[in-house]
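Protein chains: 2
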Amino acid sequence: MRTKAVLKAIADDTRLNLVKLLLKHSYCVGALARRLGLTEAAVSQHLKVLREVGLLHGEKRGYFRHYEVNREKLRMLAAELQELAAVQREAGPSEEGGCRLQKQGRGATHKSQKEWVQEACCACHGVRAKRKESERDEHHKCEES
Amino acid sequence: MRTKAVLKAIADDTRLNLVKLLLKHSYCVGALARRLGLTEAAVSQHLKVLREVGLLHGEKRGYFRHYEVNREKLRMLAAELQELAAVQREAGPSEEGGCRLQKQGRGATHKSQKEWVQEACCACHGVRAKRKESERDEHHKCEES
DNA sequence: ATTTTAATTTAGTATTGACTTAATTAGATT
DNA sequence: AATCTAATTAAGTCAATACTAAATTAAAAT
Chain A
10 MRTKAVLKAI
20 ADDTRLNLVK
30 LLLKHSYCVG
40 ALARRLGLTE
50 AAVSQHLKVL
60 REVGLLHGEK
70 RGYFRHYEVN
80 REKLRMLAAE
90 LQELAAVQRE
100 AGPSEEGGCR
110 LQKQGRGATH
120 KSQKEWVQEA
130 CCACHGVRAK
140 RKESERDEHH
150 KCEES
Chain B
10 MRTKAVLKAI
20 ADDTRLNLVK
30 LLLKHSYCVG
40 ALARRLGLTE
50 AAVSQHLKVL
60 REVGLLHGEK
70 RGYFRHYEVN
80 REKLRMLAAE
90 LQELAAVQRE
100 AGPSEEGGCR
110 LQKQGRGATH
120 KSQKEWVQEA
130 CCACHGVRAK
140 RKESERDEHH
150 KCEES
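Chains as they are written, first to last, in my numbering: chain A, 10 to 154; chain B, 10 to 154.
Possibly wrong hints are sitting among the right ones.
Here are the simulated BS3-like cross-link-like pairs (lysine-lysine), alpha carbons at most 30 Å apart as the crow flies [as the list claims (entries may be wrong)]:
id : chain 1 : residue 1 : chain 2 : residue 2
1  : B       : Lys33     : A       : Lys29
2  : A       : Lys33     : B       : Lys13
3  : B       : Lys17     : A       : Lys33
4  : A       : Lys13     : B       : Lys17
5  : A       : Lys17     : B       : Lys17
6  : B       : Lys33     : A       : Lys69
7  : A       : Lys13     : B       : Lys13
8  : A       : Lys57     : B       : Lys33
9  : A       : Lys17     : B       : Lys29
10 : A       : Lys13     : B       : Lys29
Derived by calculation from the structure, the hints in this document are not laboratory data.
Being a predicted model, the structure only gives us computed values, none of them experimental.
When you get a sec, could you build the whole thing from the sequences and use the hints?
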């Protein structure tokens, strides 16, 4: 998700408020600080974060700096979330873990659904005490491209 | 922004990855923990956050719990971001601070653009040392409904 | 009722992030 | 060049957050 950085940037209340303000108007750092009840330094740091993810473009005009919101970044993020919401559920057992290892035939033995699921999902989970860090990578290997 | 909580929830890398996995398949907590290289406790805590914002719905089936992603929440968030991107810039001087106090007529004196801007934006910013906490609320009042 | 199993919760630690003050920088103005 | 002004950065503090290990809970299975 190329827009993950944008997502993180606007997930903060202060930065989201900054974006909203700057969509409507052009405010200087002092004005933004007043409106949000913060110091100019705090506002400046947040503006830096927003610039770094490409959400704001600033340019100096005389003493003051003007910011423009890059609305395209917001639209791209929105589009990616729509795509995410449209991701198709993969075919396969709706049971636990969605593992395919067993399904691909590790043993020819016919197993009940329950047996299959247990092996498929958490073959070694049953014995909790045996679960060691080094075993983790060996446990529960699920195929995934 | 009613979906702010959803925005915050998925702004975390781990929770976003959980959502992506659960959109495609049904995994148990153990399987999720393996795939993300975390403990089951960590995964459980993240799943709780996602449930609390309404992004996941879980139900027990036998020993295992199944999770369904509430895609509608993702769509709503996407829609709000689209709306945000479409917010109209307000009419008014594109100069600093976007303040209207002066514009509404504090003095009848005709001022140059520069003079106007300076007063409008940061009337008291010029004398930095005088800026005290108690003065902040008096400074730079901008009209905003 | 007891045992097993998956998942959650508790408690603690380490890391991250948001804030402030003060110092500094980068222009603009004179 | 000197001064002024807006903004940024450095350094520090504190709160929030993400993790783990261990204990506990909530079912399911026997």
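Problem set entry | Pairwise hint evaluation, B/Lys29 against A/Lys13, where the allowed Cα distance is 30 Å at most | 13 Å, holds
Exercise. When you check the alpha-carbon spacing of A/Lys13 and B/Lys13, does it fall within 30 Å?
Worked result: 16 Å, holds
Exercise. Is A/Lys17 close enough to B/Lys17, meaning Cα to Cα at most 30 Å?
Worked result: Cα-Cα ~8 Å, so holds.
Problem set entry | Given pair status - B/Lys13, A/Lys33, alpha carbons within 30 Å | Between A/Lys33 and B/Lys13 the Cα gap is close to 20 Å, so the pair holds against 30 Å.
Problem set entry | Hinted pair A/Lys57 and B/Lys33, Cα distance within 30 Å | 36 Å, violated
For this session: Mind checking the alpha carbons of B/Lys33 and A/Lys29 for me, to see if they're no more than 30 Å apart?
Result: 34 Å, violated
Exercise. Regarding the pair B/Lys33 and A/Lys69, is the alpha-carbon distance no greater than 30 Å?
Worked result: 47 Å, violated
For this session: Compare the distance between the alpha carbons of B/Lys17 and A/Lys33 with 30 Å, and conclude whether the hinted pair is satisfied.
Result: Holds, at about 23 Å.
Problem set entry | Distance restraint between A/Lys17 and B/Lys29, which requires alpha-carbon spacing of 30 Å or less | 16 Å, holds
Problem set entry | 30 Å limit on alpha-carbon distance, applied to hinted pair A/Lys13 and B/Lys17 | 12 Å, holds
Hint violations for this structure: numbers 1, 6 and 8, all remaining hints satisfied.
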